[in-house]
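The lines below spell out each chain.
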Amino acid sequence: MSMDRREFLKATAMAAATTAASRLAYGETPALDPSVADEVHSRVKFDKAPCRFCGTGCHLQIGVDPNTDKVVSISGDQRAEVNKGLLCVKGYHAGLALYGKDRLTRPMLKQGDKHVPISWDKAIDIIAKRIQKNPAGFAFYGSGQWTIPEGYAAQKFTKGGLGNNHIDPNARLCMASAVTGFVSTYGVDEPAGTYTDLDKCDVIITWGNNPAEMHPVLFSRVIDRRSRGEKVTLIDMGTRRTRTTDHATHYLQFKPQGDVAIALGIAHLLCKKNTYSQEFVDKYLNFRRDSDPLENPTLLGESMTFDEFKRAVSVYTPEKVEELSGVPASKIHLLADLFGNPDIRITSLWCMGMNQHTRGTDINRLVHGIHLLSGHFGRPGDAPTSLTGQPSACGTAREVGTLAHALPGGRVVANAKHREQSEDIWNVPRGRINPKPGYHTVLMWEKFSTPKEEGGDIDTLWVQVTNPGHSLPNTEKLFYPSRKLEDKFLIVSDVYPTESTRHADLILPSALWIEKNGMFGNSERRTQQWFKQVSPPGEARDDCWQTIAVAHRLHELGHEGMKDRDGRFLFEMKDEAGKSVPVWKWTNYYDINVDRALFEEYRKFTTLKHKNLAPYDVYAAHRGLRWPVVQEPDGTWREVQYRFAGFDDPFVEKGKKLDFYHSTTNDGRAQVWFAPYVAPPEVPDADYPFWLCTGRVLEHWHTGSMTMRIPQTRRAMPNAYVEVHPEDAAELNLSSGEVVIIESRRGSCELPVWINGRGRPPRGSLFVPFFDERMLINQVTLDAHCPISKEPDYKKCAVKVRKLTAKGATDG
Amino acid sequence: MPISALVLTMTLDDEQREAALVELERNPFNTLGNLVSNQLPLVIETSTVAEGIELVRDVIPSIPGVDFVHVISIDFSDMSSRDEKLQSRRKRISDPMR
Ligand code: SF4
Chain A
1 MSMDRREFLK ATAMAAATTA ASRLAYGETP ALDPSVADEV HSRVKFDKAP
51 CRFCGTGCHL QIGVDPNTDK VVSISGDQRA EVNKGLLCVK GYHAGLALYG
101 KDRLTRPMLK QGDKHVPISW DKAIDIIAKR IQKNPAGFAF YGSGQWTIPE
151 GYAAQKFTKG GLGNNHIDPN ARLCMASAVT GFVSTYGVDE PAGTYTDLDK
201 CDVIITWGNN PAEMHPVLFS RVIDRRSRGE KVTLIDMGTR RTRTTDHATH
251 YLQFKPQGDV AIALGIAHLL CKKNTYSQEF VDKYLNFRRD SDPLENPTLL
301 GESMTFDEFK RAVSVYTPEK VEELSGVPAS KIHLLADLFG NPDIRITSLW
351 CMGMNQHTRG TDINRLVHGI HLLSGHFGRP GDAPTSLTGQ PSACGTAREV
401 GTLAHALPGG RVVANAKHRE QSEDIWNVPR GRINPKPGYH TVLMWEKFST
451 PKEEGGDIDT LWVQVTNPGH SLPNTEKLFY PSRKLEDKFL IVSDVYPTES
501 TRHADLILPS ALWIEKNGMF GNSERRTQQW FKQVSPPGEA RDDCWQTIAV
551 AHRLHELGHE GMKDRDGRFL FEMKDEAGKS VPVWKWTNYY DINVDRALFE
601 EYRKFTTLKH KNLAPYDVYA AHRGLRWPVV QEPDGTWREV QYRFAGFDDP
651 FVEKGKKLDF YHSTTNDGRA QVWFAPYVAP PEVPDADYPF WLCTGRVLEH
701 WHTGSMTMRI PQTRRAMPNA YVEVHPEDAA ELNLSSGEVV IIESRRGSCE
751 LPVWINGRGR PPRGSLFVPF FDERMLINQV TLDAHCPISK EPDYKKCAVK
801 VRKLTAKGAT DG
Chain B
813 MPISALVLTM TLDDEQREAA LVELERNPFN TLGNLVSNQL PLVIETSTVA
863 EGIELVRDVI PSIPGVDFVH VISIDFSDMS SRDEKLQSRR KRISDPMR
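Protein chains in written order, with my numbering: chain A, 1 to 812; chain B, 813 to 910.
Bear in mind the hints are in silico, worked out from the structure with no lab data behind them. Predicted, not measured: the structure shown is a model, and the values here were computed from it. Beta carbons are placed, not taken as given, at the ideal position from N, Cα and C, and that holds for glycine. Incorrect hints may appear among the rest.
Subject to a maximum C-alpha distance of 20 Å in a straight line, what follows is the list of computed DMTMM-like cross-link-like pairs (lysine to aspartate or glutamate) [as the list claims (entries may be wrong)]: (1) Lys231/A <-> Asp825/B; (2) Lys10/A <-> Asp825/B; (3) Lys417/A <-> Asp121/A; (4) Lys10/A <-> Glu857/B.
These stretches of chain A come out as covered by chain B in the derived footprint (C-beta under 8 Å, 3 or more residues) [said to hold, decoys possible]: (5) 10-21; (6) 217-227; (7) 318-330.
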């Protein structure tokens, strides 16, 4: 077969589109025309990898030109069950994220006002010596974009090596409330259902969630079902209209914090109308509440009877809920009637709207509660499912447990048995792991930004794979003050310059995504693996190597924590012949597969909470597997789609329909929680009359450090903006494109106005996406957080809007 | 010149779908594949990135009869420059407070 290059590229594209069309239409994947397949593989080397961006976890096929060592093609992976060959605009441009002109390629040390290049050796030395001087003053701040082995190495280094628990991920800012919701309801973290529920349900309820933009490939399942003539009722509940609303059967607009009242109202009507599931109440549920929900809420609370629960929710009549939430009483009946109907299947979806919430744990518990109370749980299509924003918030932050209180595999530092188990797997001496939880994100940064003499006991902070100078709330309090304190040293590993690197004392250039081996865990418990496919630029190196190199330098400096029980280096690794490989030297790092070695060790942690993982090589052969993954008698590995359900989960006691085998009450039952409605900590008033909500947009991912370097996504959404209701705009005499100052009690930010934009906030409410580093909206947001999960509320604070009339001058 | 592979989910209404197909065929950037049930494979080849974005994001979804646009792949091996001249990332609208 012979064709010119453009014809070939077009034929390849058409073959991919036709295959995907077949899959969408009939659920079948026809074989690629063999002549096209041969041609493709003779020119470009393809391999799989999960997408670098969101928690959906689509799989890509990445084409690399071996002559240039560059990515030249990205396709949706037809064999991937998550995305069935589809991608969103971020995913299909993901390859270009590698090639921004300003990639960081050399370690840089701040000297005076400038960053000057230094050698890796010197950089590693500086970090090790600072830690050696004050190990207790060191903190590691990572993310849900750490690969599983990267997070595991950082976790082992900090808790198993330094005996210090000051490690927390940015995931604290996005899913900590989901974790506390799952743990206090089921005794174990992460959703019981999977994306398959979206293919099976009759009703989808989005709770302050906009999957049409934020998880677009998942959302397209709904569109496709409808286009095949299936009836799917979509109920969108939110504080502003979004692209998801455009597809909704019903849109219920609630006042900020009103979601708590809505959930309580549904629970009340289920009880009042006797439409709850008697079977669930009798066999599978206990009821709980916090004795002091305002001052001292806890993960375990205290038990209450079903009658007490009924009485507690009885004040949340539809009329009362209408008053608190703004949603008409008739719609609360509509929701309660849906939940009260056992013949339909209901999937609830949520993400940051419910998690970034000062009552984040409460609202998570309540939504689980109404699914359980109504029996909409444990059947395909019946599931309360939280989605994650980051590609490995589940796999790394939650499962590896890179949180200040956690140990791998669902363990916690406060539990002596868990510490011993971890010390045994790590082969470190008894007592190495500190029983006291470290600082959670907000506290860690507060301590770093506080002078030592005033109790700011963190003096060296290492950031990997995230951009806190941009993404922390209230950065005027949590980020910038440390930059003026002499003894505070900020290390940032990243791939591009960001607000964080600009203010860092030491910058380390990192390898990005397919420039290194990696593993992620997506929102549906799916663990995914990929191999390095291209070389990183300049001197950029893997984050995991950076951690191991610092650990080894500390070992050389005589830090006892970097030795195991037998006096060997904490990260000693051997090749197949049993010979030790000096992986702390960059030239030797890829002599063995470090990811495989770390993962095989980590895997031993995963059985305690029945989150069993398969061996590394099994993941290399699959497009991810959903844990628990168990070995069948024939030696194959089987994933589990429906946790706690007898028909699928092998850990459910034989003969049981449902079994919550990690129940906090040790009786196989889940907990249904009561929590009262509590008003938000800051509400609009005469001085600050508008609500402000922040969030994301389809084209950009988080702080935009990668997607703002991709010309396509940057052109599609070149800058941030503030969405304003047309009547508010008219009152303030604002027009689209005009620049305004958004100001809170904490700080201000200048943004162009967008009226009737993509999202449509109600009167008195504004929305600002946070991706744009030129318009740092987190100088405005509030650092108030959920008292249990410690997750800040980025979704509601009070602001005023002023018109910018000339540089430096304002009116209004 | 970027080449993108798309699948368009077309309406189940025959008349509107036919009109949409005619409209799509009229655009010289588009190469239409064979309709698979109501899913249309489509390859678009544009001379600039901006044109491609406009087509995928605005023009195609706004055609009556096109229910949804799925993006399948992009090939950018022919693009001479991967980073076009864009507005400075660092510039702020006015001086920050610090
Ligand atoms: S950004 Fe999310 S939805 Fe888009 S391709 Fe990547 S994983 Fe899929």
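Status of the hints after comparison with the structure:
Under the criterion of a C-alpha separation no larger than 20 Å, the hint pairing Lys231/A with Asp825/B is consistent with the structure, at around 17 Å. Taking the CA atoms of Lys10/A and Asp825/B, the gap is near 29 Å; set against the 20 Å cutoff, the hint is violated. Among the hinted pairs, Lys417/A with Asp121/A is inconsistent with the structure: their alpha-carbon atoms are about 39 Å apart, more than 20 Å. Restraint check for Lys10/A and Glu857/B: satisfied, since their Cα atoms lie roughly 8 Å apart, inside the 20 Å limit.
Judged by the Cβ-Cβ criterion of 8 Å, the segment 10-21 of chain A is covered by chain B as claimed, because 9 of its residues qualify and three suffice. Coverage of a stretch by a chain is defined here by at least three residues with a beta carbon nearer than 8 Å to that chain's beta carbons; for the segment 217-227 of chain A and chain B the count is 4, and the condition holds. Counting residues of the segment 318-330 of chain A whose C-beta lies closer than 8 Å to any C-beta of chain B gives 0; at least three are required, and the coverage claim is violated.
Consistency with the previously given hints fails for numbers 2, 3 and 7, ordered from lowest to highest.
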